[in-house]
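Let chain L serve as the given structure and place chain C on it in line with the hints.
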Amino acid sequence: MTPLQIVFLLVAAITLFSAVMVVSIRGMMHAALFLVLTLMGVAFMFATLGSRFFAIIQILVYIGSIAILIIFAVMLTRNIMDAEVASLNRGWWFFAPLALLIFASIVLVLSSWSAFATLRDLSSTSGENILEFGKALTDPNGFVIPFEVASVLLVAAMVGAVYIAMERRGGRG
Amino acid sequence: MDGAMILEWVIKSIFLILVMTGGFAYVTLYERKVLARIQVRIGPNRAGPFGVLQPVADGIKLIFKEELVPAKADKLIFTLAPVLTVIPALIITAVVPWGTEVTLFGRTIKLYLADINIAVLYLMAVTSISIYGIALAGWSSNNKYATLGGLRATAQMISYELALGFAMIVPVMMAGSMSLVDIVESQKPVWFVFVQPLAFLIYFIAALAEINRSPFDMPEAEQELTAGYHTEYSGMKFALFFMAEYIKMIAISMIGSSLFLGGYRGPFVDQLPALGPLYLFIKVAIVLFVIIWIRATLPRIRYDRLMQFGWKVLFPLALLNVFVTGVVLILVGG
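Quick note, the sequences are listed as chains L and C, same order.
The numbers in the numbering used here rise by one with no breaks, and the one at position 51 of the first sequence is 51.
The numbers in the numbering used here rise by one with no breaks, and the one at position 321 of the second sequence is 321.
Just chain L, same shape as in the assembly:
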């Protein structure tokens, strides 16, 4: 086993453990913090794969923005801390095997892929070409359509959020 593999296994274990803790721990704030740890583990995976860009973006977008907003929301809902809310809902016995089945089928599909068990040598990679990545995002032959569709989706979400938050003037309240 190479040192990188040992580090990978350690980080994977931490990531999975904190992911389980997110859904099982009682306190909302602690769950949010375990979510941060999970996301950090994913960022670390990107870093070990030689992708600095995605590691940083993972931290910037998920940890720096989304998880902060979740924590912000948790700070505003203090009373939920004390409430005895069950962490399992009634249908869990049906959905737990279903989730396992989906996981097993994903592993099955991936294992038929030729590169599933081979180990790529990543020691020589030193960050990706950001310029090529940026060009591919705006290239009609590249990813311009998914990129634009995603931005339309975000604009729609933003308009919806503004509409919900807007104070209505004049009677209708």
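Be careful, since some hints might not be right.
Rough simulated footprint, nothing fancy, chain L against chain C, three-plus residues with beta-carbon under 8 Å [claimed, not checked]: (1) 113 to 125; (2) 146 to 159.
Computed, partial: chain L to chain C, Cβ under 10 Å [claimed, not checked]: (3) Leu9; (4) Ile59; (5) Leu60; (6) Val61; (7) Ile71.
What the hints contain is simulated information worked out from the structure, not anything from laboratory work.
Computed from a predicted model, the values in this text were never measured in an experiment.
From the three backbone atoms N, C-alpha and C, an ideal C-beta is built for every residue, glycine too.
Same frame as chain L, now just chain C:
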């Protein structure tokens, strides 16, 4: 990657951390001296000649203070929060270059810790995680002033981060690279502050708000919130918050100098690379002076005004600046 290289990295990292923590101690003295002079006082002058030992005395005092943890506080998060505040402040300057390269003991040493091709994104990412410490400190103290301070700080920092990001994109567009070494090198003919004064102004204002400095020090407005998010902290934990605040001051001065004021560049720096760190130091000292000067001069602005200014003035202005810069760059650069 040989052993000597790893050793070089370790030495540079330790050096950087020592400079930042030592800088913290002396920025507190610098601030007190400058504030005193502006208010026609003398300032600390008892400990050592001209008060140079004052930070040491303050540090020793803080070590001997009792550590208090409020009852019903979340102990783990309460302890974790100061650490989470200091670490981003310490690591953010890892991508800032100090100079080109010097030859020391027959070995060429590059005067920067890391030259990564996404340095500006790294700065943004570290800035965004520095909110955690403050938000968690406020929440875990189990104190309403602290919680309000933490909430205010979180909202303020998220809001101004956008304008800060857009102001930092402008030098990236001008230099055509996200590496800070390339950005500093491309300011060889002219500093970006002369080409992009608006971007520099936006950067400066947004950075002041990001580190909760006056006139944007709402999270710790004494009259309303006693001490904001660190109301319940004492002893060394309080010292860590204090340290983070001043290290962040140094960090934004260093980053601002590198992005807009030519970083380590100055006369004769190509002939004598050892001048680089000196020029950077002088620029950082000047920017720090302006930050302290602003604190001595301007009153704190009201919280709703602060949010309105961030979202309705600074953010659209920064967006427009990026747009105009892009159009001009396409027209000129072809």
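Results of checking the hints against the structure:
| no. | hint | result |
| --- | --- | --- |
| 1 | 113 to 125 | holds (count 7) |
| 2 | 146 to 159 | holds (count 6) |
| 3 | Leu9 | violated (22 Å) |
| 4 | Ile59 | holds (4 Å) |
| 5 | Leu60 | holds (4 Å) |
| 6 | Val61 | holds (9 Å) |
| 7 | Ile71 | holds (6 Å) |
Of the numbered hints stated above, the single one contradicted by the structure is hint 3.
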